[in-house]
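Taken in order, these protein sequences are the chains called A and B. In terms of our numbering, the first sequence opens at residue 350 and continues consecutively. In terms of our numbering, the second sequence opens at residue 350 and continues consecutively.
Quick caveat, the hints were computed from the structure, so don't treat them as lab data. Some clues are possibly wrong.
In this list, chains with the same sequence are indistinguishable; a pair is considered to hold if it fits within one copy or across any two.
Taking lysine-lysine pairs in the DSSO-like style, the calculated list, with each CA pair at most 30 angstroms apart, reads [claimed, not checked]: (1) Lys703 - Lys999; (2) Lys953 - Lys629; (3) Lys558 - Lys879; (4) Lys923 - Lys876.
Number of protein chains: 2
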Amino acid sequence: MLIFLLPLLLSLSASSHSHPLDPLTASEITTIRRVILSSASDQSFSFHYIGLDEPDKPALLSWRPSHAASLPRRAFVIARSDRQTHEILVDVSNRSIISNAIYRGAGYPILTAEEQTVAVELPSIYPPFLESIRKRGLDLAEVVCSTFSVGWFGEARRRRRRLLKILCFLAGETANYYVRPIEGVTIVVDLDKMEIVGYRDRAQIPVPKAEGTDYRAPAGKEKGKRKGGGVKPGVVVQPEGKGFEIEGHMVRWANWAFHLSFDVRAGTVISLASFYDAEKRSRRRVLHRGFVSELFVPYMDPTEDWYYKTFFDEGEFGVGLCASSLEPMADCPANAVFMDGCYAGGDGKPVVIKNVFCIFERYAGDVAWRHTEAGIPGQAITEVRPDVSLVVRMVCTNGNYDYVMDWEFKTTGSIKFGVSLTGILEVKATPYTHADQITSEQYGTLLADSTIAVYHDHFITYYLDVDVDGVNNSFVKSKLKTVHVTDGSTPRKSYWTVVKETADTEADAQVRLGSEPAELLIVNPNKKTKVGNIVGYQIIDHGGTAVSLLTEDDYPQMRARYSNKQVWVTAYNKSEKWASGLYVDQSTGDDNLATWSQKNRVIKNRDIVLWYTVGFHHIPCQEDFPLMPLLSGGFELRPFNFFESNPIIKTQPYRHLPSFNCTSNV
Amino acid sequence: MLIFLLPLLLSLSASSHSHPLDPLTASEITTIRRVILSSASDQSFSFHYIGLDEPDKPALLSWRPSHAASLPRRAFVIARSDRQTHEILVDVSNRSIISNAIYRGAGYPILTAEEQTVAVELPSIYPPFLESIRKRGLDLAEVVCSTFSVGWFGEARRRRRRLLKILCFLAGETANYYVRPIEGVTIVVDLDKMEIVGYRDRAQIPVPKAEGTDYRAPAGKEKGKRKGGGVKPGVVVQPEGKGFEIEGHMVRWANWAFHLSFDVRAGTVISLASFYDAEKRSRRRVLHRGFVSELFVPYMDPTEDWYYKTFFDEGEFGVGLCASSLEPMADCPANAVFMDGCYAGGDGKPVVIKNVFCIFERYAGDVAWRHTEAGIPGQAITEVRPDVSLVVRMVCTNGNYDYVMDWEFKTTGSIKFGVSLTGILEVKATPYTHADQITSEQYGTLLADSTIAVYHDHFITYYLDVDVDGVNNSFVKSKLKTVHVTDGSTPRKSYWTVVKETADTEADAQVRLGSEPAELLIVNPNKKTKVGNIVGYQIIDHGGTAVSLLTEDDYPQMRARYSNKQVWVTAYNKSEKWASGLYVDQSTGDDNLATWSQKNRVIKNRDIVLWYTVGFHHIPCQEDFPLMPLLSGGFELRPFNFFESNPIIKTQPYRHLPSFNCTSNV
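Start from the sequences, fold in the hints, and give me the full structure.
Printed below as a string of structure tokens:
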């Protein structure tokens, strides 16, 4: 048996509508654009969001591939024209507009890549900026500018201008311009006018030097030569081939099946994840739809140049829009396959991101289960099963930071959600070259000469419409209560027991992890195991449990109020997808997860949605310079009385793993 | 280049004393035994602990391989004779006894495997037990008994009898006797008399059935055939060979070097872990000595048959003594190498555990760092470096439970500590076959017909003599404090800043994680980076953060008082190694981490020790039956201003990874 191991670059593009949840194809996007433009030929539109308006849940749940009539394909579009935001629902199949409404509330949609590209060029023809460059003795050819959302700080809630801040940096000798800011210069752009409407050159602070900042591999080195570590490469070989199948956007692996889609705002969307239960001989539902809903990154420097840095990377910039093409053999291992993504640009035309996802089986050398039995006289029993899992990976690079987002499926029925931070920190130039020179609060760490990295947080909020074995679920807190024994009935003075509380309404389901010892579960109160335990899934954290420390009256916190607790559960409502609201740019906190929850709806034995936030407090350190090694955190949905017993107990071991003769072309 | 991929079963046995920390060899153990026995030829001894008495720290730190005179080899022995516990210090090099003192305090040493093997046979010749078997209609041939420590419940602190409880189970049709308890029968053995001194047959409850309990793979199946999942195998190939070298017990990989040893009580011992800093061109110390210090597993059922189950798996049974031989290609991946361990049995003779450790490079498909730069016009930059780490693994199987203990070294200078639970839960037989029948507290979950798994906790306490860049360190809490801005000086209303508190004495360094937002650090206050930040390592949790909920006056909690907080820091004291004291079996709480800390010693700029406890509350679920899939947790020591900058930024990517043609013998 001959096995070829080449980097597998299977580009899987979505072909026909094999599934109602498939992302909009290039040709559908083209159609949508044409329908909208031709409906209002005197208007020009910039397209800020074009995404699938997925079928209503009941229709989706009853859909089968064999159904003659497909579900209609619809798209939800946010487009701006003449300074107005249009919400347009398009019937893609029939090439018609279903509705077109003007949004008149606070906030703006995702910024387009095109307008940012144009905006960053404005300083280069703006005389005050050119003067700032000249007086600092800098070379304009080395200047690179980048975009920063302005946030909201109490400005009146009438229609504000749609603004964007531009900051500039020096590249030139280094690709790492983010650590070479031209500090003190802040440019404000009116995006609709595409004009600079504000300019501040507050102070001249020397730009940090380029030396030691670059991260690019030196060119022309011997192939494969390693420096600074000398680790040897490793490649995963699958002698029996891959264990997963991808048909269109449906992925099947082990007992899992799920739909994988790409959305320009959310990035990875996992839908209809179900697990085939061999014992029951039926496929059982676990996760109806899941995606990252928001990415809140507030900085902790209140000074003039920094106070506003309170980013909502998803609602303002789009996690999918910022997705990076994955590098084979580096971002993903040798046995990965890749999938492209397609989205609509600001002009409404389709854009492809190659290798936006990779899917691979992870052989980390871990154990799935084991036991050594030495207690039966005359018998030495050892049973061990190695672990394999399936990873779906995407990377979102929003300017300086890279987020590696993994969705990991396990043979046990668990799903592990992991997010890792890497890339470049936001820094400010400073006169200080040594920490001893610092005598006042600087709001960050001196990482290198003249370079302070500002304290900040990352909050990655997941939307998880968990449907455990069916649509109607409940949220249960299994609280561990210490029982004090005082009656002398036992030599023990204490033990803990479990007191289960089922949340009645949304107010009962807002949890700060660690506030009291409890296990958190999503259960199906209508389904029990044979011995009578309620079927469910447990929520387990694996690090990354920071919550926001901002005050409730602080503007960024009003826009992300939910970030003060890691867990929220709401009643399913199709329009409630985006934790900080549909329009996040310059939003005012009226429409978000916390405000919806104030409706205090019933969530007991209902269709409910779990919102889980992975959080990191980031006190920068020098190891983060000039670029940080991965820092990871996440959580797990783990079966809890979902199965009658361990679902992988019958997995068989390898009795005779083949030995290999491998020849390489080295 | 031809590469053969066979399971690598390099058994590396310790040869000569290449290092003063090398574990005692079989021949040294033999010598120690002979020295002790010949010193008191009229006495018989049972050996409860023989381990290296490592050289005092200053001597060890100044030792170099080139030194002509080795450090003397010494052993610390706990042996019992005539119901007395002897602490014997042996000079192994000179074959003489340095000291022999009788221990007169509370508690007893680790139980020997031999006495447990004899004890479990006693019921089979004990008439009341035979009667209990007969009246239940059971077959004595199927009965397997196991040992359970008795704990301490306030009995007078004079010299108690050294007792052990025996519980019995049914094997027969299944290997999984732990889930088929003969409930209600408790046997108490006096270990020194080796007699049954207590017997209770409290109630007849049918033994749970064997069906569905076995975990052994069915015999005679086709090779490689999979059931219940259909995952495909994967094998790691290293085309350039392994990246690590093992010389005796010294391991070198990437920039790491460390000594790996085996101790019959602690299991894995990592010593002298240092990192070569390429920028400083010097090797820098990180971890002087680290090992698992105790494994506290209290159950939450106060009734007669269960109240005492408050195990200290290390102090009572020995983590090394319970180490299981690792199964190649299952416990460890194809590219692992193995190392044997050697310990003294109860008779003092050496016993080898084959494959007690495995060491392998993990290629989990993760990223070490990455960045995609799209902001420089005309340049599309992507730099990605894949991650590799080195894992040292051991498995401890104490009766029913298996603990997979990983020590993972990363190229970034991080060390990740991971412990995973698998194996079999302790259950009680019950008349209930359905949860609806249960109307009173049962202290556990009904997992299957007639089978309740009792609630319990696991607390795995690590001893980490961290020496960050030198011996004298401090413990710092970088507290994140919210600053409320009320003077209108900024549009922001709040931000957080860092207030660093250096612990002066031990009382300042007992931390319950999550009680307040803080980053915890071990720093070297005498070392700073070039820009003036204090050199240190950060402590990061990765899940498994439960703390004990027992009351302070509860006997098991008195014996493990420290389990109410995850982090403790003490002043280094060579004798303070075992978190629950030297003598744990039947201990009374006088000598443990919490009591030592009451001395409130200075820990600022001193040689200090970090104690970190990974904790799990275990509410059992049906997926844990008949054996549980791995549940993992752990923590990380991560460089924090230890390096001047990211230590792996200069790692080069693979430019041309070879493609492989592999033929297998399938």
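>> For Lys558 and Lys879, with the copy left unspecified, which applies at a CA distance of at most 30 angstroms: within, between, both, or neither?
In response: between (68 angstroms within a copy, 16 angstroms between copies)
> When no copy is named, should Lys703 and Lys999 be tagged within, between, both, or neither for a Cα gap of at most 30 angstroms?
Replying inline: between (39 angstroms within a copy, 27 angstroms between copies)
> Should Lys923 paired with Lys876 be assigned to within, between, both, or neither, using CA atoms and 30 angstroms as the limit?
Replying inline: Classified as within: same-chain Cα gap 25 angstroms, cross-chain 56 angstroms, threshold 30 angstroms.
>> I want to check one pair: Lys953 and Lys629. Are their C-alpha atoms no more than 30 angstroms apart within a copy, between two copies, both, or neither?
In response: Close inside one copy (26 angstroms), not across copies (60 angstroms); limit 30 angstroms.
When held up to the earlier numbered hints, the structure conflicts with none and fits them all.
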